[in-house]
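Protein chains: 2
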Amino acid sequence: MIGDFTYNTPTTLVFGKGVVKGLPEALARYGKTVLLTYGGGSIKKMGLYDEVMRLLRGFKVVELSGIEPNPKYDPSVVTGARLCKENNVDVILAVGGGSVLDCSKAIAACAMYDGEGWDLISGKVKATAALPILDVLTLAATGSEYDCGCVISNTALSDKRGYVDPLLYPAVSFLDPTYTFSVSPWQTACGTADAINHVLEQFFSRPTSTFNDGIMIAAIRSLMDNVLVALKEPTNYEARSELMYVCSWGCNGILANGSGYSGWPMHSIEHALSAYFDITHGAGLAIITPRWMREILSDRTMERFVTLGRSLFGFDASLPDAEMAEKVINAFYSFFESTGIPMHLAPLGVTADKIEEMADHILAYDDTSQDWAYVPLDKPALIRILKASM
Amino acid sequence: MIGDFTYNTPTTLVFGKGVVKGLPEALARYGKTVLLTYGGGSIKKMGLYDEVMRLLRGFKVVELSGIEPNPKYDPSVVTGARLCKENNVDVILAVGGGSVLDCSKAIAACAMYDGEGWDLISGKVKATAALPILDVLTLAATGSEYDCGCVISNTALSDKRGYVDPLLYPAVSFLDPTYTFSVSPWQTACGTADAINHVLEQFFSRPTSTFNDGIMIAAIRSLMDNVLVALKEPTNYEARSELMYVCSWGCNGILANGSGYSGWPMHSIEHALSAYFDITHGAGLAIITPRWMREILSDRTMERFVTLGRSLFGFDASLPDAEMAEKVINAFYSFFESTGIPMHLAPLGVTADKIEEMADHILAYDDTSQDWAYVPLDKPALIRILKASM
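Those protein sequence lines, which keep their order, are chains A and B. For what it's worth, the numbering used here labels the leading residue of the first sequence as 1, then goes sequentially. For what it's worth, the numbering used here labels the leading residue of the second sequence as 1001, then goes sequentially.
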């Protein structure tokens, strides 16, 4: 059964080795003054910064560098928006991973807004315009290159918000898998865990259909198989290309058109974790996943676990349901562990004394407890998940 | 491995029961004068014509009715383009199935062109503009509502051409599965056969990836399962909704992003068949499918058959490859037969005396014989496939 939906993703994906050479032609459609956004030194080390600057000859380039993981409203978004206004920037070019893209999306909206940008990000005010965004992706993970959302942290408020608006779709995303060859094993594992979790958030939803189930299981299977290859052989194009493409499908809803929206509970929990402890997003998600699964396992949700057991993992279809579900939960735990993610929060610096405060934070800002959630989570449930994850 | 590609589908899909009520707001973005295109009386019989006309109060409506299956350049496209020019039409609203949509796309381009429209359709001249198209779909089949192609027959030239241009993407497609409740068993079977064939044309391609294979197998599985339900229970919303959605994915390339283009040989053959004998497109494809498969089966192509056997049909993985392939080919034959399609061309009125002429026609206009085809087909091969299909 395909439930009601409206779907449109206007972004053009340009995929393959060397596609970045199409950048000048694509950018020129939007203007001559470019805000170039990037993170630390990695794009310089890999030679991409120099390549992009060569391609941008003929454009006026304003730079915003140093965008942090879990990008911050202040200074990154605030500075970027100011640079756009001061320089009459026509178009933003983001070069990097999900954090650089997310930050650039927030900048794109804030640059066209006269008030305090956080009002847009926090949903108090609806944006009416945003600068166009193009991007060159260097990390397979968040899917930000193919969706209209971003996640921005506000350190002053200990807050981390998902901000979604169709104005924020990138116009063109350039995906060259060779740019991910130098991604570290840790970031490769965490990026893939993030993408797997995007699929799972949508898999645990209603209604279900043969088609969506099949797509989502193909996505998880591909991510699991290919990350293990990429961890062993970082320059394996086959594996890196499949990871990059599948990750792009994570968050624009295409994986679950017609499955309805039933919340993204694991992301809600993780956003609190990384707002309080600045841990790597994908690692947090990997650790939460089996604990959340165990919390929500019931007769009502059993069918989802059985489908994963049979179709994703190929477990014996004659196993009793409860046993199958147990094997599925353990299989995710073992898989993430095999990619090098420590499956406990304490080693990442999370302390138990903040658990109750984080649970309150999740309930205050997010949608895990709502009636329409796949399984509504109250405060004791959130505390159980967080404690079990320690 | 994901090969190089560029992907963009700008169409908005609006899916669900009752979505047609959004039509006036969507149309108003494009203007006040609408060319309403439709086929025979079926949209009147089901009450959809009256509903659309009520929604179009406030617009100036010019009508083009009687668009035929396998839509004809003359009179349908020629007349539609003339009506657009004479009435300064702003936007085309197609209400119907793939034929009405295809015809409307050709009209949209020809209406903005001063010369002979067939020059655009036959590829002699490249269009520079097209009118915007919206549609209300009444048949799950061709995927025309989500792609930028159309197929137009030119009776005078005994020609049937695929015409593809990004200008031809519908702006908004309204998909209400209840409009397909009254589709006859024959059209339901043939529409599904068409969609299954769209997937197969892309499945037999290079390179392959875990992800694309999984999506395509999920699509075929969903189509096979749900058409059998819809044939028994024509008003089963679960089945009709899944058929309608999956069919939409057929032809815009998303099923095979990164798999490269290796030709659509079965479509090339079928286009000749229906140009000469005006048979139902999906029926022709269903009949050709197992014969084409047997023709191209070899050591090189064996892996595709084995993947279908294991993942689509769940056949015993320990079977010898050749036996598995044989079972796959027979399974497609039996499946199409079970949906009510006679699995021979002769009962549809095709006569053997035209086989050689059709083979020449295919070679003259299409791409089945090219080196880059998945398996290049020469004249003897085409004749073998057609003869075996009789």
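Since the hints were made in silico from the structure, they are not lab data. Quick caveat: nothing in here was measured; it's all calculated off a predicted structure. Even for Gly, the Cβ is constructed at its ideal location relative to N, Cα and C. There's no promise every hint is true.
[Claimed, not checked] Short derived list, chain B residues pointing at chain A, Cβ under 8 Å:
#, residue
1, Asn1008
2, Phe1181
3, Ser1184
4, Ser1209
5, Asp1225
6, Leu1228
7, Tyr1245
8, Glu1326
9, Ile1329
10, Tyr1333
11, Ser1334
12, Ser1338
Consistency of the hints with the structure:
1. Given hint, B/Asn1008 at the interface with chain A, holds; its Cβ is 4 Å from that chain's nearest Cβ, closer than 8 Å.
2. The interface hint given for B/Phe1181 is broken, as the beta carbon of that residue sits about 15 Å from the closest beta carbon of chain A, more than 8 Å.
3. For B/Ser1184, the interface hint is violated, the least distance from its beta-carbon to any beta-carbon of chain A being 22 Å, above 8 Å.
4. Interface restraint check for B/Ser1209: the shortest CB-CB distance to chain A comes to about 5 Å, inside 8 Å, so the restraint holds.
5. The beta carbon of B/Asp1225 is positioned within 8 Å of a beta carbon in chain A (closest approach about 6 Å), and the interface hint is therefore held.
6. Restraint check, B/Leu1228 versus chain A: the minimum CB separation of about 12 Å is more than 8 Å; hint violated.
7. A distance limit of 8 Å between C-beta atoms decides the matter here; for B/Tyr1245 the minimum to chain A is near 4 Å, and the interface restraint holds.
8. With a cut of 8 Å, the hint placing B/Glu1326 at the interface with chain A is violated, because the nearest CB-to-CB distance is about 24 Å.
9. With its C-beta approaching chain A no nearer than about 22 Å, B/Ile1329 sits outside the 8 Å limit, and its interface hint is violated.
10. For B/Tyr1333, the shortest C-beta to C-beta distance to chain A is roughly 22 Å, which exceeds 8 Å, and the interface hint is violated.
11. The interface hint given for B/Ser1334 is broken, as the beta carbon of that residue sits about 20 Å from the closest beta carbon of chain A, more than 8 Å.
12. Nearest Cβ of chain A to the Cβ of B/Ser1338: about 18 Å, over the 8 Å cut. The hint is violated.
Of the numbered hints stated above, those contradicted by the structure are hints 2, 3, 6, 8, 9, 10, 11 and 12, listed in ascending order.
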